[in-house]
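So the chains spell out like this:
Number of protein chains: 4
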Amino acid sequence: MQVSFFLCNFAAQNACKHTKHLEMNTIGSKWRFTSFGESHGKAIGGVLDGVPAGLVINYGLIRAALDRRAGRNQKGKMGVSARAAGEEDEVEWLSGVMERDQGTKDQEQRELVSLGTPIAFLIRNKNCRSEDYEYLKHHYRPGHADRVYEIKYGIRDWRGGGRASARETAGRVVAGSIAKQALLEKGIGIHAELIQVGTETDPALFEGYIRAIQAEGDSTGGIVQCTITGVPAGTGEPIFDKLQAHLAFAMMSINGCKGFDYGSGFGGIGEKGSTANQDSGGISGGIADGGPIVFRCVFKPTASTPKAGVKGRHDACIAVRAVEVVEAMAALCLTGMGLTK
Amino acid sequence: MQVSFFLCNFAAQNACKHTKHLEMNTIGSKWRFTSFGESHGKAIGGVLDGVPAGLVINYGLIRAALDRRAGRNQKGKMGVSARAAGEEDEVEWLSGVMERDQGTKDQEQRELVSLGTPIAFLIRNKNCRSEDYEYLKHHYRPGHADRVYEIKYGIRDWRGGGRASARETAGRVVAGSIAKQALLEKGIGIHAELIQVGTETDPALFEGYIRAIQAEGDSTGGIVQCTITGVPAGTGEPIFDKLQAHLAFAMMSINGCKGFDYGSGFGGIGEKGSTANQDSGGISGGIADGGPIVFRCVFKPTASTPKAGVKGRHDACIAVRAVEVVEAMAALCLTGMGLTK
Amino acid sequence: MQVSFFLCNFAAQNACKHTKHLEMNTIGSKWRFTSFGESHGKAIGGVLDGVPAGLVINYGLIRAALDRRAGRNQKGKMGVSARAAGEEDEVEWLSGVMERDQGTKDQEQRELVSLGTPIAFLIRNKNCRSEDYEYLKHHYRPGHADRVYEIKYGIRDWRGGGRASARETAGRVVAGSIAKQALLEKGIGIHAELIQVGTETDPALFEGYIRAIQAEGDSTGGIVQCTITGVPAGTGEPIFDKLQAHLAFAMMSINGCKGFDYGSGFGGIGEKGSTANQDSGGISGGIADGGPIVFRCVFKPTASTPKAGVKGRHDACIAVRAVEVVEAMAALCLTGMGLTK
Amino acid sequence: MQVSFFLCNFAAQNACKHTKHLEMNTIGSKWRFTSFGESHGKAIGGVLDGVPAGLVINYGLIRAALDRRAGRNQKGKMGVSARAAGEEDEVEWLSGVMERDQGTKDQEQRELVSLGTPIAFLIRNKNCRSEDYEYLKHHYRPGHADRVYEIKYGIRDWRGGGRASARETAGRVVAGSIAKQALLEKGIGIHAELIQVGTETDPALFEGYIRAIQAEGDSTGGIVQCTITGVPAGTGEPIFDKLQAHLAFAMMSINGCKGFDYGSGFGGIGEKGSTANQDSGGISGGIADGGPIVFRCVFKPTASTPKAGVKGRHDACIAVRAVEVVEAMAALCLTGMGLTK
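Residue numbers (my numbering), protein chains in the order written: chain A, 1 to 341; chain B, 342 to 682; chain C, 683 to 1023; chain D, 1024 to 1364.
In case anyone wonders, no lab produced these hints; they're calculated from the structure.
Hints should not be assumed to be uniformly reliable.
Derived pair list, reagent style DMTMM-like, types lysine to aspartate or glutamate, alpha-carbon separation capped at 20 Å [unchecked claim]:
1. B:K383 with C:D884
2. D:K1295 with C:E774
3. C:K724 with C:E772
4. B:K648 with A:D218
5. A:K272 with B:E440
Label pairs and their in silico Cβ distance ranges [to be verified]:
6. C:L743 with A:G60: 52 to 62 Å
7. B:G528 with A:K311: 50 to 60 Å
8. A:E88 with D:A1235: 57 to 67 Å
From the three backbone atoms N, C-alpha and C, an ideal C-beta is built for every residue, glycine too.
Just chain A, same shape as in the assembly (with noise of 0.2 Å):
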């Protein structure tokens, strides 16, 4: 590992005093995700605890997710923002799973079988285009957490954005992935999908809409929608626990995500309340009804653009992107309330 790195200040332990530290890189409750990982560090990875023993994961299933996350394998339509077939991105299983069947060798075919015990894993980052960051040493990118980053840490790890960096959600994918066979094991199923683009709102236009800000070297917000099936009634807490709270905890977590609604949403401001249709989201209360749960998140356009002069690869909307990973969340988010219990 090409190991330079840009220390602001030494005195980064006093510049960490407003570091409050909470349950910072985990999180759940009853299934516990942690993450860890540079993005041009060694690996990326995460420790998954609190899943079942027995449960059989397909991994097909964790790479196809991994996939849609990077922009491969979108069947062209949503190729506007794949990244280069080199990256693919090879799960390295350390514990907590064994191989159900050593024959097949078949990667969508491969079957995990959980122990009971935590799930580590790692995804080594390589092929790292290190040139294009270089710029970046001593440059804050706009709309950026580099400023940030060393106010806080005292050290910037410039290439790539450190922990900041959309990388980081792979480990996300991964373990979301877990999350969502287990839930669906319970009859529980997750669909997000993309419902605007800008000011675009018919999908049937979306992949040209976003490639011509693309070739404008610019970029575009974007709102994902995403439902839940299958919540039985009951679930949640009526007070600070609320199951929208959990959600909204959840989504605001992902890089680029500036907002989180449900049911009626910021939408629903303009009725009145007997006229309104009182869409409840699926969500009563902080308590799930029965009923399907419908939330959504706002994507913003990234600010790091050529338009912008910020070499790099970049999408031109990170929404696109974002779907699965606003599915792998609400599936951390539902098995870390115990869904699976």
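Here the structure of chain A is known, so what remains is to put chains B, C and D in place on it, guided by the hints.
Structure of chains B, C and D alone, referenced to chain A:
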């Protein structure tokens, strides 16, 4: 205390199987607030743990906050939501504080000093007009949590919505006022205000708008905007414990709140990355950047209106009284994250 | 309330820098008990969160547990530790329960039904003989926490030790009795007893031993053994959340407890692996094996005795009254781990 | 990786109903250590979260601690517990640290600098002599957790005890060494040592005692005493989060530990309050008093000895190697409570 209750089903404990207890009625990490009390039981109250010894607490400020939450003392302006004067919320301090000066009789001048031990307090419930609620005993209210509560607990405490009642927020306001006072000592200010009522965005017209809705026996939604100044750059965590995630969690725990956004939020969806003002809302990559933090919460129009045939006292615009609760929860969020350390 | 207090130092908040708040005054995960109240403040009490709806609570059992903790109603046997009759602990229920039958006036027959919401209660402090404590105002008591409290909080509430007082355990006993009743419904029984007083191991001789010590104005230590039956095999976690670790945590939180062991414990040190009976104490690898769980706690002789020149009421053997607290904390430990689910 | 496994029962997930997940494989609040890995799976390791940026970590100290845990490099003294040289534990750093100086090749001189992000590391499992363990596949070992694991998880990973293996403690020792280094910077020193082996209390005679036991194919228990200096007075909380409660929790999480005491402990049972030295053990009322903190842990004689007919490598006295684990857990306990802040 009147003690009849509606025990729906003696399979209560079985019905409870979906109860996924997490922190339940507690919020915060460094300061922890635990809320208790049914709206028409003996008392509501709370325990605020983590307050350092020696904090001087102005009781007058707590009373003023309670009055605003109750729609009292609004100088007539927001009288549209005012409750009867007899419902005054007298706080009884059980532990954790001592009176600083016994001589002063003026409630507004009273000062308490924290002992460093848990601050427990209660507000007794009185003046219950249970006849209004008697009607509800056998009727689910539209858009209310009555049905999910019965599913969840097997017992529906029909008298005023039990825990789901807005009355529970009085405890949050007491704790939140203490938190605001502690934060102000550290130079952190919190200010929330109504910025939209229904389709109206001119504050000068809000009162008229609400009175008209109320005259119709109807209700309207509203948007509360909150600005926090003085949060040190570096506050927050980059991955899951993002500052905006904690704020969203705290806000989505308020009854009737259907959405949260910050900075450019949902409103910024139409802008391109190159031209967007990239309004960070004071948070970058999950971490405060030192500027004012600005977020918004949307509150739905309540469904249980006279027009919908529901008796009892109801607000034409719950967002009016929510202003105080938004401030309280923002304060508890920040002290919960350790901002007073 | 008499409100003078001893504010050592107005650098109180600075002195607080060593305050490492964790869960602080709360214990447990699935059931969470939060304790509040200073020994000679207005009241002590607590909030017990996580109790499912529909649990029938026998108030007579709670009263009996409080009596044992206070050294009352011991059929004369352990009267050596008895407190004055005037100090009876009347529990005032603030929330979370409703009386099952109003007609019955007999305290011992009263039944409460849980609502699934937080159970808050208080016991008012009365009959404070503050003249005994006045002496302590300017004297540190040997072996007491007075000095560290002053260092920690900057404020020393000298009246009876503040939070450090044994009185705080009354709240634990109320919550613990509810927990014991819920566990018993699941077939889990908890029984603690004195097995050693000073060097005496014959229970028939304990009372005489203690009376002799008391007559000398002195004090002695004791060992409490607790047996838990009916814990399902498989309870506990193999690494950090070992069952014995949680039990040890709960026991070491009791004032005066200087050690914890289980199974073969410290006493098995002289045996070899081949001949040792390998007394598992009901726990293997951190997990219950289905047999009775047996552990012990040692309580020190209190240092603040008449012989040492310290006035006020003191126990010759705090282990006598600790028996009830050991049972309460064992019950809260198990409900905290989710045993009633 | 060899991947056969023993799937006892496909009712695995049902068997799991007693699994009461709490923090599970994570310990600590301000610094959080998550452990992963089965003893004879691919790797064991951990994630240490909360370490501030800029901490300089001496890798040589970590290696030395791992050697002591493995019974290596004991200068012959404790060679009785030494493992084969081929079992060296090479740490692979995945994230959270960077090499300070690439030039130096000497392992002992290597220095790592923390980045403020989660430190993830692994130690690959190699040199597995699975033939020794093959025997165990169909035999429960006396005094081991094999049976409860099968009950709990439905899957018993028989190869070396899975998570229950002492090998899991290597991860604790790596994290604990980092914690010790951070604590030492704050002037806090931790030193553990054997003070009793079987009935022997003279350290000069320990090695001979153990060799004799080993020659018999038998095992003996031992007591480890740990002294912590430099903990600021005021550390700890007065009620549940007592310092001794956290230390007891950490120690009782070590395999084979059957008891914990501090200060006068169990040994002080025969003394009277007036004459007892009232050895506080450095903690008063749950809070550090500024003096040295002294506690002890008793370790049982392992039951799986050659004399009992159990093959495989076993220690005649697990307390020897536990010394290092006691230090590691003490350090993780203190950093977990926030002592490095």
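Tested hints:
1. B:K383 with C:D884: violated, 49 Å
2. D:K1295 with C:E774: violated, 39 Å
3. C:K724 with C:E772: holds, 13 Å
4. B:K648 with A:D218: Given pair K648 of chain B, D218 of chain A is violated - Cα atoms ~50 Å apart, limit 20 Å.
5. A:K272 with B:E440: Judged against 20 Å, a Cα distance of about 47 Å means the pair is violated.
6. C:L743 with A:G60: 52 to 62 Å: Given range 52 to 62 Å: holds, Cβ gap about 57 Å.
7. B:G528 with A:K311: 50 to 60 Å: violated, 39 Å
8. A:E88 with D:A1235: 57 to 67 Å: Distance hint for E88 of chain A, A1235 of chain D holds at roughly 59 Å.
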